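Asker: So you can see what is in the structure, the chains are spelled out below.
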Amino acid sequence: MNMMETTGNPHPDRTQAPPVRPVEEIGWKPPQEHLMPGGKICYYLPDTTMEAVRIDLLFPGGSWTEEKPLTAEAVIHTLREGTASRDAATIAEIFEYYGGYVVPFSHRDHTGLSLYTLRRHAPPLLELLEEIVREPRFPEREIHTWLQQEQQAFLIEREKVSFLAHAAFLETLYGPDHPYGRQRKEEDYRAVTPADLAQWHRQNLSCDRCHLIVAGSTDDELLSLLDRHFPPAAPTTSPSTLSFPAPPPTPGEQEIHIPKENTLQAAIVLGKRTINRDHPDFPALAFTVTLLGGYFGSRLMKNIREEKGYTYGISASLRPLREDAYLAIQTEAGSAYCGATMEEIIKEIERLRKDLPPGEEMMLVRNYMMGQLLQSLDGVLSRAEVVKRYLSAKRPFSLLERFAKEVRAMTAEKVRETARRYLDPGTLIRVVAGNCDS
Amino acid sequence: MIEHSRYVLPNGLTLLVSEDPNTSLVAMNLLYKVGARDEDPHRTGFAHLFEHLMFGGSRHIPDFDTPLQMAGGENNAFTNNDFTDYYITLPRENLETAFWLESDRMLEPAFSEEGLRVQKQVVIEEFKQRYLNQPYGDVWLLLRPLAYKVHPYRWPTIGMKVEHIEQATLEEVKDFFYHHYAPNNAILSLSGNIRPGEALQLTEKWFGDIPRRELASPEHPQEPLRRGKETLHVERDVPASMLYMAWLMDARYTPGFYAADLITDLLANGNSSRLYLRLVKERRLFSQVDAYVTGSLDPGLLVISATLLDGISMETAEEAILEELEELRKGQLNERELEKVKNRVASSWAFTHASILNKAMDLAYFELLDHAGAINREMERYRQVTTADIREKARELFTEGRLSILYYHARNER
Numbered sequence: 012m013n014m015m016e017t018t019g020n021p022h023p024d025r026t027q028a029p030p031v032r033p034v035e036e037i038g039w040k041p042p043q044e045h046l047m048p049g050g051k052i053c054y055y056l057p058d059t060t061m062e063a064v065r066i067d068l069l070f071p072g073g074s075w076t077e078e079k080p081l082t083a084e085a086v087i088h089t090l091r092e093g094t095a096s097r098d099a100a101t102i103a104e105i106f107e108y109y110g111g112y113v114v115p116f117s118h119r120d121h122t123g124l125s126l127y128t129l130r131r132h133a134p135p136l137l138e139l140l141e142e143i144v145r146e147p148r149f150p151e152r153e154i155h156t157w158l159q160q161e162q163q164a165f166l167i168e169r170e171k172v173s174f175l176a177h178a179a180f181l182e183t184l185y186g187p188d189h190p191y192g193r194q195r196k197e198e199d200y201r202a203v204t205p206a207d208l209a210q211w212h213r214q215n216l217s218c219d220r221c222h223l224i225v226a227g228s229t230d231d232e233l234l235s236l237l238d239r240h241f242p243p244a245a246p247t248t249s250p251s252t253l254s255f256p257a258p259p260p261t262p263g264e265q266e267i268h269i270p271k272e273n274t275l276q277a278a279i280v281l282g283k284r285t286i287n288r289d290h291p292d293f294p295a296l297a298f299t300v301t302l303l304g305g306y307f308g309s310r311l312m313k314n315i316r317e318e319k320g321y322t323y324g325i326s327a328s329l330r331p332l333r334e335d336a337y338l339a340i341q342t343e344a345g346s347a348y349c350g351a352t353m354e355e356i357i358k359e360i361e362r363l364r365k366d367l368p369p370g371e372e373m374m375l376v377r378n379y380m381m382g383q384l385l386q387s388l389d390g391v392l393s394r395a396e397v398v399k400r401y402l403s404a405k406r407p408f409s410l411l412e413r414f415a416k417e418v419r420a421m422t423a424e425k426v427r428e429t430a431r432r433y434l435d436p437g438t439l440i441r442v443v444a445g446n447c448d449s
Numbered sequence: 095m096i097e098h099s100r101y102v103l104p105n106g107l108t109l110l111v112s113e114d115p116n117t118s119l120v121a122m123n124l125l126y127k128v129g130a131r132d133e134d135p136h137r138t139g140f141a142h143l144f145e146h147l148m149f150g151g152s153r154h155i156p157d158f159d160t161p162l163q164m165a166g167g168e169n170n171a172f173t174n175n176d177f178t179d180y181y182i183t184l185p186r187e188n189l190e191t192a193f194w195l196e197s198d199r200m201l202e203p204a205f206s207e208e209g210l211r212v213q214k215q216v217v218i219e220e221f222k223q224r225y226l227n228q229p230y231g232d233v234w235l236l237l238r239p240l241a242y243k244v245h246p247y248r249w250p251t252i253g254m255k256v257e258h259i260e261q262a263t264l265e266e267v268k269d270f271f272y273h274h275y276a277p278n279n280a281i282l283s284l285s286g287n288i289r290p291g292e293a294l295q296l297t298e299k300w301f302g303d304i305p306r307r308e309l310a311s312p313e314h315p316q317e318p319l320r321r322g323k324e325t326l327h328v329e330r331d332v333p334a335s336m337l338y339m340a341w342l343m344d345a346r347y348t349p350g351f352y353a354a355d356l357i358t359d360l361l362a363n364g365n366s367s368r369l370y371l372r373l374v375k376e377r378r379l380f381s382q383v384d385a386y387v388t389g390s391l392d393p394g395l396l397v398i399s400a401t402l403l404d405g406i407s408m409e410t411a412e413e414a415i416l417e418e419l420e421e422l423r424k425g426q427l428n429e430r431e432l433e434k435v436k437n438r439v440a441s442s443w444a445f446t447h448a449s450i451l452n453k454a455m456d457l458a459y460f461e462l463l464d465h466a467g468a469i470n471r472e473m474e475r476y477r478q479v480t481t482a483d484i485r486e487k488a489r490e491l492f493t494e495g496r497l498s499i500l501y502y503h504a505r506n507e508r
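Protein chains in written order, with this note's numbering: chain S, 12 to 449; chain W, 95 to 508.
If we strip away everything but chain W, and leave its shape as in the complex, we get:
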């Protein structure tokens, strides 16, 4: 159980507090309900670029990081397709510094041409370092537009291309801020050595006077199922070929999500998982195999990826994976195997939530999904999945109308 209190300020800011007297620290997480799916298709990568600009100082504070480091704190942020998340951990005595900093940049960041110019350049270097200058770095730049034709999940958070980042203007930056960054579009969560009453008082003091803002409500057109599978072949200078198969699946907070998530665990979580045992160890087709769900707010992807050993063809690889999925569709699954993946979920949950930062992050995340209290029912949702649910979910998902395949060929196969 993650005990917590929940409050909503008149300006719409939601506050969640989970007290833990056994630590000398507090973690503060501030989630804004804006991500890459909210971007203009001609200005992709904007939410993430904006996250960088949030560190360039704010109306009353020239530099975000210095005062926080002075207070012995640490911070970072990330952007994904659905939301943007800022987090801080610091000694409890200095908690008010975090309130002062976060509330001032919610009020208004310091917008400047020079700041924008430099951060555009930093983000372009990030684009190169993580997506262009790494083996397989461009996989998601290719796979997303294959799997999504209409939904904004068709581009990654870094953006569709470098040019979109280069073209961003200061006017657009300001406009983006005032339509997405607002108390009524944010969730503040605290975990650690802090009493809920004190947290509320500090939140009212620092965030209470920030006005509500009128929010943009970008459309997220839902991705239709197709008649047949989508495929793409590319060739790159990489040491080994890879195969990516992705099926459109249930949105994160829907009843069908849990069976699909457990399917990926049955397939590839651990050395006793099906694909690992049969395709890596018995048949020696792959050096590595993985299966996971993207877990997005709108319908996401169930992904299976494999790195092929020398001499294994894409056809063999694809067929071998499909054969394993066929077993699930036929209902070849006993209680013990299902119990196994549920037990793994439970122990990994226990370790994850031993950290105050993870607790604060997850409270805000569940509030985004539905309401923070759902965090304490999450394990129950996994426990309720039956072998019949797995079979039905496999039959529903593993069809060609949901499937996209990326064949990533090594140029000079050895």
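Pulled out of the complex, with its shape left as it was, chain S reads as follows:
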């Protein structure tokens, strides 16, 4: 470390922006592959400067494979609640004594566990991780406690207008019985039993169907530990046989209002089902949606927050899932501005369909998106997130490079054409939750 005084400088020319070099390469490197016994691949992203490592187990069965709502999430969150030989407190104490963090995650398309640990503490923790995945006991009392906690958290969420609007939006989009549209109900938290969990676990959490993703301080010894703890196992039962139902036809323009008393703001969601990652137009649509509302300087933010002050934030985004995709525009606006906000959103969409975006805006969005891609691939932990996203979606990593290439090549004509094809306001479902003046 050094400390030094320096001398003053003449004034720099502040009227001229320093030259900017656009990002041309996103720096994508596929993860390394380690062939495990039995032919399964473990993806790993080493960084020798780190002393910590994250190990993800990703299972392809998400909430859509449930027969009873909540089962998948309950299983992944309660694996730690007891095994044949250890109770919940003992398991938690061992993970935590070694400074480990086990983070369960669940989604419509997948479930999984992340283990965060210092490399030197990985051996005892991997042994324990194997145990909870292989032989969880789902003790009645612990499961009941977990469900009670989650029920209360759910009731709190249900008080938020943003939650109500999003739930109603998805239910309308996919239908109340479809796995992507089905919404939690309070009684779901009383219906799930330990036997349901055990059954779903047998059908879905076998390690011959999981993906392993390792990021950080990895070495040969760690990989062979993984071989030992997560060997190919002949599945004891066949996987869930539920097939994915075709989503219903697009419901078309609809307005839904979810009343909630005494709210100061209304939550607004507009959107529709749309094309997925592998569709040739996907990068163009992602670009168009970003230009509309995907970043701080987007048209919706500029108009509705920075010029009018109706909201603290507004966004538009694409949400690709494994079997389908949708786009959503969402915001929370003061109740007095709710109708005006809706009008402005539609106006901005119409403007995209009518006029060509100026060249400078095109360059801005292009550079911004390339910068975002670069940032999302910086560091092994971020790269591992991208790897998980593509594995969950069952899409090849090569789509990422195609995406970057298309973004670089976007034109104003293509934005307008894309907006005309995919953003017809007449096809958007509009949901408002809470007090709205109009």
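It is worth saying that the hints were derived from the structure and are not from the lab. Computed from a predicted model, the values in this text were never measured in an experiment. It is possible that part of the hints are untrue.
Unchecked claim - The list that follows gives simulated cross-link-like pairs (lysine-lysine, BS3-like), each with its CA atoms no further than 27 Å apart:
#1 W:K243 - W:K323
#2 W:K323 - S:K313
#3 S:K425 - S:K365
#4 W:K268 - S:K319
#5 S:K319 - W:K214
Knowing the structure of chain S, use the given hints to seat chain W on it.
Answerer: Relative to the frame of chain S, chain W by itself:
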């Protein structure tokens, strides 16, 4: 170890640089030593409102965000009770854009009536979205004035009330800027693919000619201990009752802070923590329990919060928590349990500092606390805490003269 270089420009700006050749990005963090504690009690929320105005363009640059997005960068900012922090990450080739932008708004933001009008409205919507229109959103609006009677920590960064934001004038805005935003009140830190020499050269070029400014030095009267506890009961339309207990504790950079921080980990960090095991799982009183420290520059708060399950009374809840604290006061703690919470601190530290942005932020933060080099002694400070220190700290802190309790009752308990 986070290797870094430190420089001070003649105008008082401190520069910290931590080079990491394994990334194609650079993170730039600019910390101003001004927060909500520096506000006039009649103009609360001002530091945060000001942060919004810093994005409205500056003397030579009409719009802050556009050039940065053009350079493939990303940025944001936050304000807390002690300081205001602006941060950018961008590709290393375009780093100079960040220097150009940040230095121009340190020189002078574009002050305009229209900009102020809109941002006041945006902040009022933020006030509604985060504090008024959320279940439990007003907890800190209630808890702060209960725990602090004289120190400016008695209001949250969003402000005491919406009216304070509505009343802000452009004159006040300018005045605030020239008394708090200055090179001699700021810490610039960089982390990522940048050599220290190059960083220094760019800093001199872009920040070197910004003059020192005369700083306001608002008073921060220290909060006295009281004779007994402070309590407040409120009733709201929420699904479950909550209990908040807060004790006045040591300031962030004092030797006593570390034992207090580890106490909150013993109590509620993880599924083997004491309150979770005994009160959530064994006794089934709460659906959720949490313990943490606010970690502020002046004496802060050690907070325990719990969400009560149906049918559990506030009295039962409070008593159960106090019983657990009594165990700590009696010294019921073995080496392994203390070792456990220290190991958790160490691994979470390792993951946090894998990110260049977190490194840049923390370097500036430790410089604010004392000096940037302290970042490399932080883990040692936790390691040195003994079981006896925990017992003594528990005896010192968990007394009624330090305690404030907020009873947040659900209106229609089911």
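Asker: If a hint holds in the structure, say so; if it doesn't, say that too.
Answerer: Hint-by-hint comparison with the structure:
Straight-line distance between C-alpha atoms of K243 (chain W) and K323 (chain W) comes to about 13 Å, which keeps the hinted pair within the 27 Å bound. Proximity of K323 (chain W) to K313 (chain S) is assessed by CA-CA distance (about 48 Å); at most 27 Å being required, the pair is judged violated. A distance of roughly 12 Å separates the Cα atoms of K425 (chain S) and K365 (chain S); the hinted pair therefore holds under the 27 Å criterion. The suggested pairing of K268 (chain W) with K319 (chain S) holds, with an alpha-carbon distance near 23 Å, which does not exceed 27 Å.
For the hint pairing K319 (chain S) with K214 (chain W), the CA-to-CA distance comes to about 11 Å; that is within 27 Å, so the pair holds.
In this structure, only the earlier hint numbered 2 is contradicted, and the remaining ones agree with it.
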